Amino acid sequence: MKTKSIFLFLGLAALFLSGCSGGHPGDITNWLQNPATPLAHEVRHSFYFTLYLILPFLFIAEGLLIYVILRFRKKPGREPAKFHDNPKLEIAWTIAPAITLVFVAVSTYGLIGRINYSPESDMQVEVTAQRFLWKYHYPEYGITISEQPLVVPEDKVITLLGTSVDVIHSWWVPAFGIKRDLLPGRIVETWFKAVKGNYKGQCAELCGPLHAEMLIDVSVVSQEEFEQWVKQKLAEKNAPADSTNNLQTSGSAETK
Amino acid sequence: MSEAAAAATAYKSSWLNKLDWFVTGDHKKIGIMYLWFAIVMAIVGGGFAGVIRAQLTKPDSGLVTPEFYNQMVSMHATLMIFFVIIPAWTGLGNYFVPLLIGARDMAFPRLNAFAFWLAVPATALMFGSFFVVGGAIQTGWTAYPPLSLAAFSAGPGVDMWLMGIIFIGLSSILGAINFIVTVANLRAPGLRWFKMPLFVWAWFINATLILVATPVLSSALAMLLADRVFGTSFLTVAKGGDPLLYQHLFWFYSHPAVYIMVLPGFGVISHVLASFAEKKIFGYKGMVFAIMLIGIIGYMVWAHHMFVAGIPPSLQIFFSYMSMVIAVPTGIKIFSWLATIWGGSIRFTTPMKFGLGFIFLFVIGGMSGILLANVPVDYQVTDTYFVVAHFHYVLVGGSIMSMFAGMYYWFPKMSGRFLSEKLGTWVFWLFFVGMNVTFFPMHIMGIQGMARRVFTYRPEFQSLNELSSAGYLLMLAAGLIFVFDVLKTAFFKKGTLPADPWQINHVQNTLDWKVSSPPPEYNFLKIPTIE
Ligand SMILES: [Cu+2]
Ligand SMILES: [Cu+2]
Numbered sequence: 001m002k003t004k005s006i007f008l009f010l011g012l013a014a015l016f017l018s019g020c021s022g023g024h025p026g027d028i029t030n031w032l033q034n035p036a037t038p039l040a041h042e043v044r045h046s047f048y049f050t051l052y053l054i055l056p057f058l059f060i061a062e063g064l065l066i067y068v069i070l071r072f073r074k075k076p077g078r079e080p081a082k083f084h085d086n087p088k089l090e091i092a093w094t095i096a097p098a099i100t101l102v103f104v105a106v107s108t109y110g111l112i113g114r115i116n117y118s119p120e121s122d123m124q125v126e127v128t129a130q131r132f133l134w135k136y137h138y139p140e141y142g143i144t145i146s147e148q149p150l151v152v153p154e155d156k157v158i159t160l161l162g163t164s165v166d167v168i169h170s171w172w173v174p175a176f177g178i179k180r181d182l183l184p185g186r187i188v189e190t191w192f193k194a195v196k197g198n199y200k201g202q203c204a205e206l207c208g209p210l211h212a213e214m215l216i217d218v219s220v221v222s223q224e225e226f227e228q229w230v231k232q233k234l235a236e237k238n239a240p241a242d243s244t245n246n247l248q249t250s251g252s253a254e255t256k
Numbered sequence: 257m258s259e260a261a262a263a264a265t266a267y268k269s270s271w272l273n274k275l276d277w278f279v280t281g282d283h284k285k286i287g288i289m290y291l292w293f294a295i296v297m298a299i300v301g302g303g304f305a306g307v308i309r310a311q312l313t314k315p316d317s318g319l320v321t322p323e324f325y326n327q328m329v330s331m332h333a334t335l336m337i338f339f340v341i342i343p344a345w346t347g348l349g350n351y352f353v354p355l356l357i358g359a360r361d362m363a364f365p366r367l368n369a370f371a372f373w374l375a376v377p378a379t380a381l382m383f384g385s386f387f388v389v390g391g392a393i394q395t396g397w398t399a400y401p402p403l404s405l406a407a408f409s410a411g412p413g414v415d416m417w418l419m420g421i422i423f424i425g426l427s428s429i430l431g432a433i434n435f436i437v438t439v440a441n442l443r444a445p446g447l448r449w450f451k452m453p454l455f456v457w458a459w460f461i462n463a464t465l466i467l468v469a470t471p472v473l474s475s476a477l478a479m480l481l482a483d484r485v486f487g488t489s490f491l492t493v494a495k496g497g498d499p500l501l502y503q504h505l506f507w508f509y510s511h512p513a514v515y516i517m518v519l520p521g522f523g524v525i526s527h528v529l530a531s532f533a534e535k536k537i538f539g540y541k542g543m544v545f546a547i548m549l550i551g552i553i554g555y556m557v558w559a560h561h562m563f564v565a566g567i568p569p570s571l572q573i574f575f576s577y578m579s580m581v582i583a584v585p586t587g588i589k590i591f592s593w594l595a596t597i598w599g600g601s602i603r604f605t606t607p608m609k610f611g612l613g614f615i616f617l618f619v620i621g622g623m624s625g626i627l628l629a630n631v632p633v634d635y636q637v638t639d640t641y642f643v644v645a646h647f648h649y650v651l652v653g654g655s656i657m658s659m660f661a662g663m664y665y666w667f668p669k670m671s672g673r674f675l676s677e678k679l680g681t682w683v684f685w686l687f688f689v690g691m692n693v694t695f696f697p698m699h700i701m702g703i704q705g706m707a708r709r710v711f712t713y714r715p716e717f718q719s720l721n722e723l724s725s726a727g728y729l730l731m732l733a734a735g736l737i738f739v740f741d742v743l744k745t746a747f748f749k750k751g752t753l754p755a756d757p758w759q760i761n762h763v764q765n766t767l768d769w770k771v772s773s774p775p776p777e778y779n780f781l782k783i784p785t786i787e
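Those sequence lines, one after another, are chains A and B.
Numbering of the first sequence is given in the working numbering, commencing with residue 1 and proceeding in unit increments.
Numbering of the second sequence is given in the working numbering, commencing with residue 257 and proceeding in unit increments.
Treat each hint with caution, since some may be false.
Stated by the list, open to error - Per label pair, the in silico range of CB-to-CB distance: (1) A:L70 with B:W373: 24 to 32 Å; (2) A:F103 with B:M548: 37 to 45 Å; (3) A:P119 with B:K495: 47 to 55 Å; (4) B:W373 with A:A81: 41 to 49 Å; (5) A:E147 with B:K495: 46 to 54 Å; (6) B:K541 with A:E120: 52 to 60 Å.
Claimed, not checked - Okay, derived cross-link-like pairs now, BS3-like style, lysine-lysine, Cα gap no bigger than 25 Å in a straight line: (7) A:K82 with B:K495; (8) A:K82 with B:K274; (9) B:K770 with A:K88; (10) A:K75 with A:K135; (11) B:K285 with A:K82.
Calculated directly from the structure, the hints in this document are not laboratory data.
Predicted model, so just to flag it, every value in this text is computed and none were measured.
Backbone N, C-alpha and C fix where the C-beta goes; we use that ideal spot for every residue, glycine too.
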């Protein structure tokens with residue numbers, strides 16, 4: 001029977017939703033369960049706000065549909081109704097969704113601005129995408145790394161200046177609430193201010209065969225740990241014998 | 257029987273008459289050829305989806321190479337959009353628009369035939385591209401430069417793809433002109449604009465969308481082709497071109513393309529629901545204006561595909577709000593359909609099942625669309641499986657479900673035989689359940705952060721992907737049963753049906769149910785008058 005299957009489907013849907021387990025500790029991938037920045041929190045809030053505003057319409061529409069299916073089956077002796085318009089009803093179902101959508105629209109306005117315009121920057125990192133790896137350059141420290149996790153201090157406004165040397169890529173770390181396409185010939189800016197942890201992301205714009213393996217790792221560490229890391233990187237840089245230091249060459253050597 | 261009549265009968269049953277299909281300008285024959293074409297392409301495109309679902313059953317399954325996987329992703333979309341959904345609607349439109357307006361044929365029969373046969377070089381280019389150096393296109397059906405430029409997609413595969421889409425686009429444009437002229441000029445006396453059946457309205461507005469949008473796509477593709485072949489620099493960054501220009505032009509077509517793929521379905525659903533609920537369509541004028549509004553606003557939302565691509569926040573807000581506005585006329589349609597069946601005497605025939613299933617699924621697709629119109633949420637879920645779930649609810653739940661409804665509804669008219677109701681019930685339930693099992697989990701994958709167009713994923717997504725692949729098998733079974741039934745009924749059953757085999761025309765009162773099934777050549781001995 002139709003109704004039974006529909007209930008089964010709804011049950012299954014609920015099961016999926018409740019069964020979703022997020023990332024495990026130290027390996028955060030899920031923005032809805034583990035937002036790591038103030039913006040990601042706001043995005044999550046905006047998601048639920050929109051969802052709860054529109055869910056009633058979903059339930060009303062599907063509920064009416066199921067009711068009609070159960071109630072108005074053809075039976076001998078019952079004539080079908082004759083009405084085929086009702087201006088009041090038509091006005092109501094035009095206005096009600098429109099008002100709801102005004103709420104959704106207005107609620108996103110400020111957040112769009114906060115995501116797009118960064119507050120005063122504490123540190124800049126230049127991101128360069130190249131099939132199929134990421135390079136990060138810290139202009140303040142003269143450090144360049146590639147195919148390694150991006151390391152940044154916690155609770156600081158990090159502005160990313162991104163570009164690409166070949167095709168379009170997209171820098172996306174779900175827990176930070178941001179995703180930006182990096183285009184060749186353009187520099188785009190985005191920002192985050194994250195709490196401590198290890199975060200995973202990946203390239204989100206199809207860029208070639210190994211697009212799926214163009215992964216992103218970010219370590220957000222304490223200020224002391226970050227300074228330690230900077231010292232270590234600078235030391236590596238000044239010791240040319242070490243094979244891992246000259247990252248530009250090691251990066252291109254590996255992609256051959 | 258006179259000698260001439262005997263000769264005519266003999267000719268009709270001879271093999272020579274079969275050749276007529278190659279040169280015919282008859283709108284009914286061309287319509288049927290479009291439908292067969294779409295069915296064959298759906299088998300191939302559905303097969304490609306099977307490769308995708310098989311590869312994704314587990315992470316790093318290694319079933320196919322990343323290159324081949326990307327070819328499947330690109331070609332699945334290309335075939336389903338340009339070689340299945342759009343031609344299938346053109347087929348049903350070709351057959352039924354002239355019938356419904358009381359015309360003997362389309363306005364330009366030869367142009368009609370030419371538009372159909374353009375599909376042959378287009379198809380040859382698509383499938384030929386698998387066998388050239390470098391293989392078929394791997395860039396996704398969006399073919400964004402620079403990835404689609406010669407530097408990153410060497411070989412003639414992309415060029416062949418571009419030429420193929422330009423051909424099929426030309427076919428659409430010529431078809432659209434034909435529909436517009438036919439509806440404007442060949443309506444039977446007395447059939448005023450606001451008396452036209454909704455399928456005709458939907459196709460008329462659809463044709464205007466095609467006519468405005470498709471040339472823009474063709475020019476974007478032509479720029480890309482010129483950059484690749486002649487070394488021009490429309491889209492090549494190093495020479496001062498702009499890849500974002502391509503994205504704007506591409507989506508200026510490809511957002512309205514969603515409506516091009518679903519508006520005729522709106523028309524079909526209106527006929528089917530009213531017929532089998534034995535009621536007149538609710539709010540006819542509201543329905544027409546809703547389609548018009550969707551058509552117009554549909555041109556002001558294209559950049560919602562580009563929120564993360566680099567457009568100014570003010571523009572993002574404009575396109576976001578317009579995308580939300582479009583939900584209002586869509587809501588009007590949904591509620592009007594519900595009011596149409598409210599209080600009716602519903603017969604659960606196969607087309608009606610698909611019609612009701614359409615409403616159920618399309619509403620879900622609309623809701624996820626509103627979440628995507630929310631810009632900050634879109635930043636998160638664009639280019640993830642959430643988007644894949646959304647557009648499959650719209651295109652499979654919307655276009656394909658309504659196409660099934662239309663096929664089951666009008667098959668007796670086209671062939672003079674009913675498709676099996678028993679098998680139809682199987683097709684519906686397998687497809688409906690399979691569709692949800694395949695695509696509903698994708699919402700969750702996307703929200704949790706699984707990117708789209710990937711041949712592998714993090715292990716935590718495995719169980720949802722397994723479920724999704726299992727759902728594919730149900731849809732596959734539905735598709736195979738449908739094709740089997742169509743073949744059997746078309747070729748191995750005999751007979752004809754009365755003019756109104758569903759016994760619905762006391763409600764519908766449309767011309768398609770007033771001629772014999774199948775209709776005679778030239779449809780109407782005497783052009784009908786509508787009072
Ligand atoms: Cu990439
Ligand atoms: Cu769109």
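Hint-by-hint comparison with the structure:
1. For L70 (chain A) and W373 (chain B), the Cβ-Cβ distance of about 49 Å falls outside the hinted range of 24 to 32 Å, so the restraint is violated.
2. Between F103 (chain A) and M548 (chain B) the CB atoms are about 26 Å apart, so this pair departs from the stated range of 37 to 45 Å.
3. One distance hint, 47 to 55 Å for the beta-carbon pair P119 (chain A) and K495 (chain B), is violated here, with the actual separation near 37 Å.
4. For the hinted restraint 41 to 49 Å between W373 (chain B) and A81 (chain A), the CB-CB distance of approximately 48 Å keeps it satisfied.
5. Hint check: E147 (chain A) to K495 (chain B), Cβ distance near 30 Å, so the stated range 46 to 54 Å is violated.
6. Between K541 (chain B) and E120 (chain A) the C-beta distance comes to about 56 Å, which sits within the given range of 52 to 60 Å.
7. For the given pair, K82 (chain A) sits about 67 Å from K495 (chain B) by alpha-carbon distance, which is inconsistent with the 25 Å threshold.
8. A hinted pair counts as satisfied when its Cα atoms are at most 25 Å apart, and K82 (chain A) with K274 (chain B) does not qualify at roughly 47 Å.
9. Between K770 (chain B) and K88 (chain A), the direct Cα distance comes to roughly 35 Å. Violation of the 25 Å bound is thereby established for this hinted pair.
10. Restraint check: the Cα-Cα separation between K75 (chain A) and K135 (chain A) comes to about 70 Å, which exceeds 25 Å; the hinted pair is violated.
11. A threshold of 25 Å between alpha carbons decides the hint, and for K285 (chain B) with K82 (chain A) the separation of about 38 Å lies outside it, so the pair is violated.
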